[in-house]
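*Asks:* Sequence:
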Amino acid sequence: MNKKNLTIGLATLVLSIANAPNAQAALINGVTVTTNMGALLGTNINNIVNGVGLPGDIPSLTETHAVGSPSNAWIGTLSTNNLITFNLNGSYNLGGFSLWNFNPTTTFGVRGVNILTSIDGTNFTTLAGAPTQFADGADNAPESPEQFSFAPVTASFVRFQVLTNTGNSRPQAGLLEVQFDSASATVSSTAVPEP
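Taken in order, the sequence shown gives residues -25 to -1, 1 to 170; the numbers are from mature numbering (1 follows the signal peptide of the UniProt record, and there is no 0).
Please note that a few of the clues may not be correct.
[To be verified] DEER-style ranges, computed between Cβ atoms:
1. Gly31 to Asn56: 33 to 41 Å
2. Thr37 to Asn115: 15 to 23 Å
3. Asn115 to Asn21: 17 to 25 Å
4. Asn98 to Gly31: 17 to 25 Å
5. Gly87 to Thr9: 19 to 27 Å
6. Arg145 to Asn68: 34 to 42 Å
7. Asn19 to Arg145: 31 to 39 Å
8. Leu2 to Ser144: 32 to 40 Å
9. Asn64 to Ser35: 29 to 37 Å
10. Ile94 to Ala116: 37 to 45 Å
11. Asn115 to Ser35: 29 to 37 Å
12. Gly104 to Gly5: 31 to 39 Å
13. Thr129 to Thr9: 17 to 25 Å
14. Ala110 to Gly13: 19 to 27 Å
Treat the hints as calculated values from the structure; they're not laboratory data. A virtual CB, placed ideally from N, CA and C, is assigned to each residue, including glycine.
All chains should be modelled from the sequences, with the hints used to inform the complete structure.
*Replies:* This is the structure we're talking about:
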């Protein structure tokens, strides 16, 4: 292989890597959460972001969650304008999230939802490409996450506007865990000069 072909091959490789979509994701740590839905049955809204119920009680995007209980899940009351607001505690290039739906029984999970994001915590915009429904949780069994990805958006807050539960006639809905991932910024491409 001559020097010119080697240079062209190297330049092509560098440009291919630089222009490839960056699929890496990183767990956003330190997320806090609030809700206007209250907490029932001794549960706590903080359980859905603190990793309790995951292996080692450590937040993760992929691990299996234990069966829900008052110490590792949350359930609240559905009325009108049901909001769960996540504070990412920083500005992130948000690329997706993992969700473990309520699973002690499959009928009290969150089903219909609008997902919105915000930079300032006051002005929220609907998140393009976000899901509008979540699947049932495992029926009284350990649960793998439902994972979602979308075109990255800069966000400091994420809001779930809960519309319906997964089928129970009682006005209640809950979750086990929600963890967010940050998409790394895409590397910009630059041409490699030929010697």
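*Asks:* Next step is simple, just say for each hint if it's right about the structure.
*Replies:* We went through each hint and held it up to the structure:
1. Gly31 to Asn56: 33 to 41 Å: holds (36 Å)
2. Thr37 to Asn115: 15 to 23 Å: At 22 Å between Cβs, range holds.
3. Asn115 to Asn21: 17 to 25 Å: holds (23 Å)
4. Asn98 to Gly31: 17 to 25 Å: violated (37 Å)
5. Gly87 to Thr9: 19 to 27 Å: holds (21 Å)
6. Arg145 to Asn68: 34 to 42 Å: About 39 Å separates the Cβ atoms of Arg145 and Asn68, which means 34 to 42 Å holds.
7. Asn19 to Arg145: 31 to 39 Å: Once the Cβ atoms are compared, 20 Å apart, the range 31 to 39 Å for Arg145 and Asn19 is violated.
8. Leu2 to Ser144: 32 to 40 Å: holds (36 Å)
9. Asn64 to Ser35: 29 to 37 Å: violated (18 Å)
10. Ile94 to Ala116: 37 to 45 Å: holds (39 Å)
11. Asn115 to Ser35: 29 to 37 Å: Given range 29 to 37 Å: violated, Cβ gap about 21 Å.
12. Gly104 to Gly5: 31 to 39 Å: Once the Cβ atoms are compared, 25 Å apart, the range 31 to 39 Å for Gly5 and Gly104 is violated.
13. Thr129 to Thr9: 17 to 25 Å: holds (21 Å)
14. Ala110 to Gly13: 19 to 27 Å: holds (24 Å)
Of the numbered hints listed earlier, those contradicted by the structure are 4, 7, 9, 11, 12.
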